[in-house]
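Undergrad: Chain by chain, the residues run as shown.
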Amino acid sequence: MAVVFEKSRSLTDEILTYCPGCTHGIIHRLVAEAIDDLGAQSSTIGVAPVGCAVFAYNFFAVDMMQAAHGRAPAVATGIKRALPDRIVFTYQGDGDLASIGMAEIMHAAARGEKITTIFVNNAIYGMTGGQMAPTTLVGQVTTTSPYGRKEELCGKPIRMSEIIAQMDGTAYAARVSVHDPRHVMEAKKAIRRAFEAQRGGEGFAMVEVLSTCPTNWGMTPIEALKWVATDMIPYYPLGVYKDSSKGAA
Amino acid sequence: MAKLLMKGNEAIAEAAIRAGCRCFFGYPITPQNQIPEYMSKRMPQVGGTFLQAESEVSAINMVYGASGAGARVMTSSSGPGVSLKQEGISYLAGAQLPCVIVNIMRGGPGLGSIQPSQGDYYQATRGGGHGDYRLPVLAPSSVGEAVELTRKAFDLADKYRTPVIVLGDGMIGQMMEPVELPDDGESAREPESKPWAARGWDGSSPRAIINSLYIDPSVLEQHNLALQRKFAEIEKAETSFASERVEDADLVIAAYGTMARIARSAIRMARAEGLKVGMIRPVTLWPFPSEPFAQAARTAKAFLTVEMSAGQMVDDVRLAVAGRKPVHFYGRTGGMVPTVRDVLSRIKEAV
Amino acid sequence: MEKRILIAGFGGQGVLLMGQLLSKAGMHENMQVCWMPSYGPEMRGGEANCGVVLADEPIGSPLVTEPDVAILMNRPSLDKFEPSIAPGGTLLYNSSLIDAEPSRTDIKVYDVPCNDIAVKIGNARVANMVMLGAFNALTELLPAESLLEALRETLGSGKEHLIPVNQQALAAGAESVV
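Order-wise, the sequence lines are chains A, B and C. Count along the first sequence from 1, add 238, and you get the number used in this note's numbering. Residue 272 in this note's numbering sits at position 290 of the second sequence, with consecutive numbering throughout. Count along the third sequence from 1, add 142, and you get the number used in this note's numbering.
Hints listed in this document are in silico derivations from the structure and should not be mistaken for laboratory results.
Which chain A residues stay away from chain B? Per the calculated CB distances, all over 12 Å, these:
# : residue
1 : E400
2 : M423
3 : D469
4 : P475
Just some of the chain B residues that point at chain A, by a computed CB distance under 7 Å:
#  : residue
5  : S37
6  : S40
7  : N43
8  : M44
9  : G50
10 : Y73
11 : D184
12 : A190
13 : I192
14 : N193
The calculated DSS-like cross-link candidates involving lysine-lysine, where the alpha carbons are at most 25 Å apart (straight line), are:
#  : chain 1 : residue 1 : chain 2 : residue 2
15 : B       : K212      : B       : K176
16 : C       : K145      : B       : K(-15)
17 : C       : K301      : B       : K23
18 : B       : K(-15)    : C       : K301
19 : A       : K394      : A       : K464
Even glycine gets a Cβ: it sits at the ideal position worked out from N, Cα and C.
So that you can see chain A by itself, here it is in the shape it has in the complex (with noise of 0.2 Å):
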């Protein structure tokens, strides 16, 4: 019998932690997939974030570490230049990557450090209980901001692809969705290549994921994909906003 479809092998048989509905799972899929395209499962060493994502270092099949909130890249960075040919990811939220893990990231593009970052941006702080996060759109309920996000208290959310898009150690920065099909087939083409880039020692890497967080959005599943669609990516325009293969966009 012919196999026509097999979990990846970069994925442990761990049953997710994440809430019905949340598209972390599907996040997860997509790294793993790329990492078993490139055969790197052997050689990927990961780094698990603080956040919804804390657990990642069960999920993956590779060697994995945790790190403090925010300081992702940093760790990634310490292993990258102890080991040059491995392969390094981090998967970080937008608390921890936005917010208080801002150096960091910002810092990590800048020295083009030849590492991969999974952004998953849900405009919500999740395993905290729905806090506002760096992300979360103007007028957005959540736990600390109960009237919505004001502007004049809180300034606009930050986009951080176009930002790290503008950093010369960049070679990739893109933003996709994975709320329907025909988005998780782009998404998927996008983190292959960011993995691509470290591999051919482009530079820094980037893909930030608009995911749904339907527990703390205060919605079903199917209306926090929609409202992906039709709040969140007005806001956070999808594309590529830096391929250093094919120069700017």
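Following the hints, complete the assembly by docking chains B and C onto the known chain A.
TA: Frame of chain A, contents of chains B and C only:
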């Protein structure tokens, strides 16, 4: 071995390289700048990595990454920078990762001054960051000893899978003394095999996971108990001190690092005047050498702890002496250094 | 034997180098040595000083707070450090740049017009070596050859051509006090 006249900071850096350190991550802060400067020059010559991080926070997390990947790795800083590193140090201790952290202490609190101080004793010997942990703390009192202890720090770090602190002050960092550097080649000391390191998983052994998260409290308690057993083992095997003229001493001085040098000069003057004074100099501040103090409490009439602080190590001396004899204290703070004459007059008061 | 030496002046006078040369020469003569600079925010032209201890026994305090010998290269350092010299100690001061007379009577005082002598030799920059020559002739702590060797080591092979003028400076300094 040829003798070289070297600045403490540079000697520490070269000793690290000769101990097999091939990764250094740091950030500028006075009075330890010669360590990163020296590393930036030497690391490329030996095929190692020097990286000036964007912050102390990043530097210690780069240490975490490199250590987790199996490298012999070091960072250095001074008080304010070491405070920033505490988050990472706690993670390193929790994840049981070896590394060496040099703190060339300056006056505090806050931005303080850049002059010599020993005000970070509590921070260093009590773990420093959050959670229940201790780190071996080595306190050199000469540039030569700084070389020895830096080397030892790497060996202890690997032996016990723990961060180790080399605790000096601005004086030891800045002064020059003759040193004899161990000459076993620049690439001879490869890091020993580290099967726990995350270097890529070939499927033949369990996957490496470098982690300090144990969400189930009963599991975390087991982890903590294991750490405590390790700390007990370190206390038993690695406690180190130097003593001089304690046998007949009426007064025993407790001092560490460069402060012990100043105390030694004062003791010589006191002895010349017929006063029976000796000294116990802790070399490991944690584990603290309580035993020699307990012993000395049987024969000495009193103790005098001398520090460049408002009185921190004196707590450990008092715990060791356990009320059997009076323990006096003399210290200066803020970067002011007690003079030999100051110490001598305190000796005369205490005898 | 333990000699505590303080050398002070302003940045650029080669004050720290003088201390390092004494320490290196002492090390090569198998003495115990320790060199300790003042340090502060980096500033050219600011105050600079260092302490050097040369001894037979392991050195206690690395700090020179009551020098046996003080070498003071400018006026502010004379004002600041003359009072700290140990009774019975020695003061060498740079009379080219210091227009005041030391006031202590319980110490031996030598004036060395370092800059004038250096200019006469033909290189104003060797004033510090003139002073070292004077110091060494008075204290007889180190063979003059050792100091020159320490300088040779410090300058490195690229600056061998500077050795003769420095040698002259050491000799001229020695002559000025004997």
